[in-house]
Amino acid sequence: MYWEKYLKVKTLHEAMEILKLYQGKARLIAGGTDLVLQLREKKKRVSVLVDISDLPELQYIKEEHGQIKIGAMTTHSQLAASPLLWEKVIVLAQAASSVGSPQIRNVGTVGGNIVNAQPAADTVVALMALDAKVVVFNNDGGEEKIPFSELFLGVGESKIDPTSQLLKEISFSLLPEMRSSLGRLARRKALALPILNIGIVLSVNKKENRLHEARICVAPVAPVPMRMKEAEKTLLSRKLSDELLISASKAAFDAADPRNSKLRGNTAYRKELVRVMTYRTLKTALATRGGVGDEAGSITV
Amino acid sequence: MKLEVLQFELNARKVSVRVKPDATLLDVLREDLDLTGAKRGCGEGECGACTVLIDGMPVDSCIYPALKAAGKNIETIEGLGTEDNLHPVQKAFLDEGAVQCGFCTPGMILTTTALLAKNQSPSEEEVKVALSGNLCRCTGYTKIINAVKVAARNINKL
Amino acid sequence: MKKRGCGIGSMWYGIGNTGLPNPSGAFVQVLDDCTVIIHTGCADIGQGSTTVLAQIAAEELGVNFNDISVICADTGVTPDAGKTSASRQTYISGNAVRKAAQSAKETIFKKGAELLQVPEEELILKNYQLNSLKNYNIQISLKEIMAKCREDGTLVIGHGWFNPQTKGLDKRGQGIPYATYAFATQWVEVEVDTETGEIDILNVVAAHDVGKAVNPMAVEGQIEGGSVMGAGYALMEEIILDDGKIINSSFSNYLIPTIKDVPCVNSIIVEEEEVTGPFGAKGVGEPALIPTATAIANAISNALGIRFYELPITPEKILNSLKTANNTNKNQRDF
Ligand code: FES
Ligand code: FES
Chain X
11 MYWEKYLKVK TLHEAMEILK LYQGKARLIA GGTDLVLQLR EKKKRVSVLV DISDLPELQY
71 IKEEHGQIKI GAMTTHSQLA ASPLLWEKVI VLAQAASSVG SPQIRNVGTV GGNIVNAQPA
131 ADTVVALMAL DAKVVVFNND GGEEKIPFSE LFLGVGESKI DPTSQLLKEI SFSLLPEMRS
191 SLGRLARRKA LALPILNIGI VLSVNKKENR LHEARICVAP VAPVPMRMKE AEKTLLSRKL
251 SDELLISASK AAFDAADPRN SKLRGNTAYR KELVRVMTYR TLKTALATRG GVGDEAGSIT
311 V
Chain L
710 MKLEVLQFEL NARKVSVRVK PDATLLDVLR EDLDLTGAKR GCGEGECGAC TVLIDGMPVD
770 SCIYPALKAA GKNIETIEGL GTEDNLHPVQ KAFLDEGAVQ CGFCTPGMIL TTTALLAKNQ
830 SPSEEEVKVA LSGNLCRCTG YTKIINAVKV AARNINKL
Chain B
2 MKKRGCGIGS MWYGIGNTGL PNPSGAFVQV LDDCTVIIHT GCADIGQGST TVLAQIAAEE
62 LGVNFNDISV ICADTGVTPD AGKTSASRQT YISGNAVRKA AQSAKETIFK KGAELLQVPE
122 EELILKNYQL NSLKNYNIQI SLKEIMAKCR EDGTLVIGHG WFNPQTKGLD KRGQGIPYAT
182 YAFATQWVEV EVDTETGEID ILNVVAAHDV GKAVNPMAVE GQIEGGSVMG AGYALMEEII
242 LDDGKIINSS FSNYLIPTIK DVPCVNSIIV EEEEVTGPFG AKGVGEPALI PTATAIANAI
302 SNALGIRFYE LPITPEKILN SLKTANNTNK NQRDF
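Chains as they are written, first to last, in my numbering: chain X, 11 to 311; chain L, 710 to 867; chain B, 2 to 336.
If you're looking for bench data, these hints aren't it; they were derived computationally from the structure.
There could be a bad hint or two in this list.
To be verified - To list a few chain B residues with every Cβ distance to chain X over 12 Å, as calculated:
#1 N18
#2 I46
#3 S70
#4 Q130
#5 N204
#6 P258
#7 V263
#8 V276
What the hints assert, rightly or not - Restricting the straight-line Cα-Cα distance to at most 30 Å, the calculated cross-link-like pairs of lysine-lysine (DSBU-like) are:
#9 K30/X / K781/L
#10 K20/X / K858/L
#11 K324/B / K293/X
#12 K18/X / K729/L
#13 K293/X / K246/B
#14 K272/X / K246/B
#15 K272/X / K4/B
#16 K261/B / K858/L
#17 K723/L / K199/X
#18 K15/X / K781/L
#19 K246/B / K281/X
#20 K18/X / K781/L
#21 K3/B / K53/X
#22 K261/B / K827/L
#23 K318/B / K199/X
#24 K729/L / K15/X
#25 K711/L / K15/X
#26 K272/X / K84/B
#27 K3/B / K199/X
#28 K711/L / K20/X
#29 K723/L / K15/X
#30 K781/L / K72/X
#31 K281/X / K4/B
#32 K729/L / K54/X
#33 K18/X / K827/L
#34 K281/X / K318/B
#35 K79/X / K711/L
Cβ coordinates follow ideal geometry from the N, Cα and C atoms, glycine included.
Isolated chain X (complex conformation) (with noise of 0.2 Å):
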């Protein structure tokens, strides 16, 4: 038997009361696209699976005082489907986008995505490069707030235990003329696990031509999924041109240590990807529109 209860839940309350019953043997479960195979495959172990899918209070995306909040348990075809995240998001629409196949996002949760922690989840690397935070509650009725810098731990590892923790809420802030792109590559064009991911949010100032802010989050080359810091520091060095593009991809190419894999590639390739992806993809970035206050008129590179 994978688990002996499945209880749905009706409030926030309720999950966190049974979670504090159980003492360690009950967990939350979101859509359950990865939990349950995980369980099948006795990756994980647990007697009874509390739902919170469908707790109205945790679907929501909303914008408030320029930053982004959305309720851990909107599902990706939901985030997909957000005119907001297309106009002012890009890249985490885009991601959301690319999980699976659409009747894998009809059901998975922005929250299980994060909580499952697989080292190149398609809106991990999105959410990364957007510096967002997660609001999780305690069972013991706390609330703390985790960057995502500091949330994952390793392979399906983060901080956020299920089994006494609940996700709320994701959210980011919005930066000035904010531009941003998903680069993604994989095996074929749909229902495929990424070889590469590369998650770019930029800030730019149009008048000096430079940017004021670049982040770049790039999966999976590491364990959890890796900001590239050199590449960034590069980015705003100087005023924008195609060399400063180049050394930037130059500098991710030189971070990126990806393992040799018989399924995702050899090292040499993998490396060589992350190279091409992140001009391709600071490129793209470049030439879109979001965040705040994002008036036309174009950047020269």
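Position chains L and B with the ligands against the provided structure of chain X, taking the given hints into account.
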């Protein structure tokens, strides 16, 4: 093992069935309710042969816990049309030769129905995106794409 | 940079088992109400043989397709028809069914000739009606004939048997391995991304000589499906072993093309009738996927100027080969 009562709406009828707590929706449909239209291709969410509609949306029932479906509205291929009175999507698949072994067909047809409910005249690209979670090993997809277009036209004429 | 190229692949393929007997048998029975039952061991695994065999019997007996039932692949009641393999069922079981229908027809003709008082050779059976070719007013309905047969206890049932004429190969590999061959040529256009190695198939045109397309829509379906399977073979399908164990035995890691990976296939049916085939038909099952990988490999080499000798041609292999080619070019320049 204790069985749990699962209640939902299935093909426009209220259904109550006793299920194992760790059964998937596909198990319940095929084994307990004898609805074998949804197929088990991979059992792991990778092929779409087990697609059913939950509240109008295509879902892989092989990885969907049965008890998650409590209170929801489920449609399977059995609820779509009858042999004498085919649903326009079923008819288009037959007319266009979009069926060979038929293993992917229930999933393809349900996914198409959901697409056409949202988008009455999808472009070829939109058809491809919508059906990208349904694998077919036989047809090469060409006739499936035609069938979706024909179904869209016929539904619009109704 | 993206580079485009075109390639052609051509093939011939022997229908049936190589130089071995591979017979098929069938029974055809016409019932009192003029409906027909076919018994055949032929297994329809989605290729459409049941439909095709019913069409062949309908054509031979001059009755409607809808009046034919096919009982197939039931070892309890159907005669052996051999495997559904080697693209052989239309050709071999098609012939068996046609012969069985012909033999049932003989009984009908005999009875008809008797009733109409004309020689059998003069008769033709069409639209549930037996007519004299010499005088169209001399006619009798199939229904009446069947009623008469019932009266005198004659069963209108025929059996058919077909074994393609082959001769086993001798020590020198000489013989007649197949009774007939299918021929095909496919043309493919690809676009290759020289920086990521990704390959996009833009166009596929597939021309197949099937002798006679008994069911053109089903033949197209076979061609389209086969070509896409061939595209998977060329670009992504591969069993990966680690220490002798298959590490990609599920749909999540043994990848086959999705609807987004392939364009619509343009199929062209060529009908060069095969004299030994039922109404001229041969087979198309496997031929449809044979030339695709060749055409794709040729298209890639046309785009890049590099030959690939190993399938699947993955993006990684493309990048590695491009790198090697660049280095060789540089070295040549240095000298
Ligand atoms: S059987 Fe459910 S996706 Fe394959
Ligand atoms: S018709 Fe056989 S898998 Fe689609």
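**Study point:** Earlier hints that do not hold, by number
**Key:** 6, 7, 10, 13, 17, 21, 26, 35
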